[in-house]
Amino acid sequence: MPYLEVRDVHKTFATPRGATHVLGGASLALDDGEFVAIVGYSGSGKTTLISLIAGLLAPDAGEVVLDGRPVREPGPERGIVFQQYSLLPWLTAHDNVALAVDAVDAARPAAERRRRTDELMTLVGLASAAGKRPRELSGGMRQRVAVARGLAMRPKVLLMDEPFSALDALTRATLQDELLRIWGERRSTVVLVTNDVDEAILLADRIYPMTPGPGAVLGPPIEVGLPRPRQRRHMSLEPAYQKVRHQIVDFLRACRRGGA
Amino acid sequence: MTPSRLSRVVLPLLGLTVVLLVWTALSQTVAPDIPSPVRTWQESRRYVLEPFFKDGELNQGILRLAYYSLIRVGKGFALALLIGTPIGFMLGLSRTFHETFDPIIQFLRPISPLAWLPLGLVIFRQSEPAAVFTIALCAMWPTVINTAAGVRSISQDYLNVGRVLKLSRFTMLRKIIVPATLPYVFTGYRLSLGLAWLVIVASEMLTGTPGVGGFLWQEYNSLVYSHIILSVITIGAIGFLLDRLMGVVEARVKAG
Chain S
7 MPYLEVRDVH KTFATPRGAT HVLGGASLAL DDGEFVAIVG YSGSGKTTLI
57 SLIAGLLAPD AGEVVLDGRP VREPGPERGI VFQQYSLLPW LTAHDNVALA
107 VDAVDAARPA AERRRRTDEL MTLVGLASAA GKRPRELSGG MRQRVAVARG
157 LAMRPKVLLM DEPFSALDAL TRATLQDELL RIWGERRSTV VLVTNDVDEA
207 ILLADRIYPM TPGPGAVLGP PIEVGLPRPR QRRHMSLEPA YQKVRHQIVD
257 FLRACRRGGA
Chain P
6 MTPSRLSRVV LPLLGLTVVL LVWTALSQTV APDIPSPVRT WQESRRYVLE
56 PFFKDGELNQ GILRLAYYSL IRVGKGFALA LLIGTPIGFM LGLSRTFHET
106 FDPIIQFLRP ISPLAWLPLG LVIFRQSEPA AVFTIALCAM WPTVINTAAG
156 VRSISQDYLN VGRVLKLSRF TMLRKIIVPA TLPYVFTGYR LSLGLAWLVI
206 VASEMLTGTP GVGGFLWQEY NSLVYSHIIL SVITIGAIGF LLDRLMGVVE
256 ARVKAG
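Just so you know, the protein sequences line up as chains S and P, in that order. Numbering follows the working numbering, with no gaps: position 32 of the first sequence is 38. Numbering follows the working numbering, with no gaps: position 67 of the second sequence is 72.
It is worth saying that the hints were derived from the structure and are not from the lab. Just so you know, even glycine gets a beta-carbon here, dropped at the ideal spot from N, CA and C. Check each hint, because a few of them may be wrong.
Claimed, not checked - Where chain P lies over chain S, by a calculated footprint (3+ residues, C-beta under 8 Å): (1) 72 to 84; (2) 113 to 125.
Claimed, not checked - Within a straight-line C-alpha distance of at most 25 Å, the following computed PhoX-like cross-link-like pairs (lysine-lysine) qualify: (3) Lys-162(S) / Lys-171(P); (4) Lys-138(S) / Lys-259(P); (5) Lys-59(P) / Lys-80(P).
Looking at chain S on its own, in the form it has when it is part of the complex (with noise of 0.2 Å):
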C-alpha cells in the first residue's frame, strides 16, 4: 500500500460566471521516501490538487490517504511551501520559522526548540539573514525561509506548489541545487507541482503530468531513472534524460492538442 495515495479526486468551484470543473478524477501514488514532481501547464489545476492534498480543500469525490489515513484537514504532517512564499510579514525570518517550530515541537523545551530554528535557518544558508524581515529580503531568500518553515513542521510528506516559479532563472537554478542537496540529506517524501519540465527531471524519482483543464487528470507517471546524486551540469546530455523530456513533452503536447 502506497504512503500517500490521491484516489480519483473530483473539484469544482462555484464562481460567478458558473461553475468550473478543475480536476476530473485526479490519482497518484507514492512511496515514503519517495519525490514525485507533477507537471503542466499553468492554471491547469494543479495548486487545487496540492490544496486537496494539503487538506486546505476538500474534494468533491474521491480520497487523500495518508499513511493509512484519510486526509480530512489542513495539519503540519502535510507541510507545505506555498508558491508566493506566505511568510508573514511582520515576523523576521526566524521569528517565522520559529512559529512552525513551536507548533510542531510544543512539548519540547524553549531551549531545543530555538537550536532547531537556527539548525533550519543554517540548512537553508539563512543564518546571518535570520533577523530580517520577509521585505527586506530578496525573492530567494524568502523561498528559502518558506522551505525552512516546511521543512520545520517535520512533514511525513512535503508539498511544494510552484516553489521557484516567481525567481529569476539564476535564483532557480541555485534553489533547485539547495533542495537536492537537502533532500539527498534529508530523503523526505515531496510533491512538488512545477510548470517547469526540466526542474521536475532534475528534482523528481517520478513525474505525472497533468492533462490541462477542465477536469484535468494525472497521466500514466514517468519514471526519471537517473542516478542519484543527480549535477545539473552533466544530466541533460545523458539520453535517459533526453527520453524522459521527450515522453513529458509529447503528453503535454498531445492533451492540448486534443482538448483544443
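Given chain S, put chain P in place with the hints provided.
Below, chain P without anything else, positioned relative to chain S:
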C-alpha cells in the same frame, strides 16, 4: 529656490494671505459684526501671549482651555478604543456576531453627538461624564468599522499558514490576525481621534464646561466675536496637529 520649496512654503503662505484678505474684505463690507484679522489679534493677544493665565472658570489662556478639552477628548477617545477595538475584532471574526449587530451599528453610526449628549446628561447627571460618554459613542465607529474590515481582508495565505500549523485560536489571534489587522486598526484610530475632536466642541458648547468649545459659546453670548474666531482657529490648529500625530503613529505601524 527649488520648485519643491516653492510649493511647500511659498504657495501655502500665498493661500493664507488670500484668506486673510477675503476675511478683511468681508468684515468691512457684508459682515460688519465680524472683527477684521487685525482687531481679532488685538483683542485676543493676551489669550495667546499668556496662554496659561486663569482669571475665572471660562476666562483663561487659550492653551489652558485647550488643555481641558484635550484631556476630555483623551478620555473619550481612550474609551472609544477600549470598546471599539474588541467589537471590531468580533464583527470581523464571527459571522454570527456580524449578522446580529451590524444592522444596529449601521443604525447607530450616523446619530449626531447633539442627540447623544442629553441622554448622557440624563444617565450621568453631570456634564463631565456625559461629555466623555458622547465623545466615546460618536468616535468609536471608525475604529469598529476599520478593525472589522481589516480582519475580513486578511490574506487567505496567512490564514492557511495558521491552519497548516494547527495553531490554537489564541496563537492564531496573537501571531496572525492581530498583526495583520493592525494597520487597519490604526487608520480607524486616526479617524476616531478626528471625530472625537469634532464632538468635543459641540459637547462643551451644550454643557458649558471649561474648554475651547465652552469658551467659544460663552464669548458668543458675551458678544466678544473676536474670541469666537480665536477659538475656531485654535480648534483647527489642534485638530490638524492631532491628525498629523496619529498619521505619524499610523505610518510607523504600517512600516512594521
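Status of the hints after comparison with the structure:
| no. | hint | result |
| --- | --- | --- |
| 1 | 72 to 84 | holds (count 5) |
| 2 | 113 to 125 | violated (count 0) |
| 3 | Lys-162(S) / Lys-171(P) | holds (15 Å) |
| 4 | Lys-138(S) / Lys-259(P) | holds (17 Å) |
| 5 | Lys-59(P) / Lys-80(P) | holds (23 Å) |
Hint 2 from the list above is the single one not met by this structure.
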